[in-house]
Amino acid sequence: MARLLHDEGYTNVRPLLGGFDAWVSLGYPVERHVDPQLGPVSSTSNEPSA
Amino acid sequence: MGNSLLRILHQHGYALIFVAVFAENLGLPLPSYALILVGAALAKELGLSLWGIVLFSAAGALLGDGIWFALGRYRGRPILRTLCSISLNPDSCVSRTEDLFGRHGLKSLLVAKFLPGLNTIAPPLAGLLRTSVLRFTLFDLGGIAIWVGSALGLGLAFHSQVEWLLEWLSAFGRTGVLIVAVLLAGWIVLKWVERRRFYKLLERSRISAPELKEMLERGESAVIVDLRSDFGFQADGVKIAGAIHIPPGEFKTRFREIPPGRPVVMYCT
Chain U
1 MARLLHDEGY
11 TNVRPLLGGF
21 DAWVSLGYPV
31 ERHVDPQLGP
41 VSSTSNEPSA
Chain Z
1 MGNSLLRILH
11 QHGYALIFVA
21 VFAENLGLPL
31 PSYALILVGA
41 ALAKELGLSL
51 WGIVLFSAAG
61 ALLGDGIWFA
71 LGRYRGRPIL
81 RTLCSISLNP
91 DSCVSRTEDL
101 FGRHGLKSLL
111 VAKFLPGLNT
121 IAPPLAGLLR
131 TSVLRFTLFD
141 LGGIAIWVGS
151 ALGLGLAFHS
161 QVEWLLEWLS
171 AFGRTGVLIV
181 AVLLAGWIVL
191 KWVERRRFYK
201 LLERSRISAP
211 ELKEMLERGE
221 SAVIVDLRSD
231 FGFQADGVKI
241 AGAIHIPPGE
251 FKTRFREIPP
261 GRPVVMYCT
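Respectively, the protein sequence lines represent chains U and Z.
For the first sequence, the positions run 1 to 50 when this note's numbering is used.
For the second sequence, the positions run 1 to 269 when this note's numbering is used.
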């Protein structure tokens, strides 16, 4: 996929060493993401989604 | 017979086939397919039975795959990540295989033996996805049957050609053994070098997690792309802050969502 991007003109493409697991294991910041089935999820909101 | 090549096969045929198939399914680059083919072609001359060849190759393959399956099941994701980084397939990644599995499920096991990258990664993935032992064994045996069966068929079909080739080699006596050994060693070295080269290339272009964090803290506007499969992405519920999620299966159609002209960092599991 990095190669595909490179061929499409994205010249600076780098895979993350160790992937997401490495990022998490170092305790770096992550973000709750939007779940298409359950609606937006936010770490700051306590309101149940409709 | 009087030919040292054939003598080795004659004396240790089954053991050789078993060990080669087992080791290849553990991930070593060995031409066990060719060995089964030769064994089948010269079964009569070597005093091997076709059923024996089938049995020993199937046992070797099932044992090798079974070990990976168990590792995937009990050790989980880290096993897959390690495999990903040494796999023969250069840009193969856990999520890509996961995606393939998501679409074709256990049927992937039926053809996995013919695809070097997938062959080692499919069994642990099946384990990771909590496939039952029975279902895994059935589908894996199906894949093994197709694989061994085709080698057997080719061996029987090209019986005279294989015989001719070995006779030609045996005319060289010791030199014949040497020629085979050199060809074999050359083939393994070639595969190994190829693997190393891809690995090096990947390694060089990779960015480490601390490097990426520092880059973001410097205020560089890197685009972070999350390439996990939908399955892995939803199960986790979190991503690197600011990342765009594009599942590998949709990558070809959606990569234009990545703004051009900025550095791109991609990650999977």
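Some hints could be false.
What the hints assert, rightly or not - Between beta-carbon pairs, the in silico distance windows are:
#1 G27(U) x H104(Z): 33 to 41 Å
#2 A34(Z) x G9(U): 41 to 49 Å
#3 G9(U) x D236(Z): 46 to 54 Å
#4 D7(U) x A157(Z): 15 to 23 Å
#5 R3(U) x L141(Z): 48 to 56 Å
Hints were generated in silico from the structure; no laboratory data involved.
In this text, a Cβ means the ideal position worked out from N, Cα and C, and glycines have one as well.
Hints versus structure:
Between G27(U) and H104(Z), the C-beta spacing of about 37 Å keeps the proposed range 33 to 41 Å intact. A C-beta distance of roughly 43 Å is found between A34(Z) and G9(U), which places it inside the suggested range of 41 to 49 Å. For the pair G9(U) and D236(Z), the supplied restraint of 46 to 54 Å is violated, since their beta-carbon distance comes to about 31 Å. Between D7(U) and A157(Z), the C-beta spacing of about 41 Å breaks the proposed range 15 to 23 Å.
R3(U) and L141(Z) have their C-beta atoms about 36 Å apart, which leaves the hinted 48 to 56 Å range violated.
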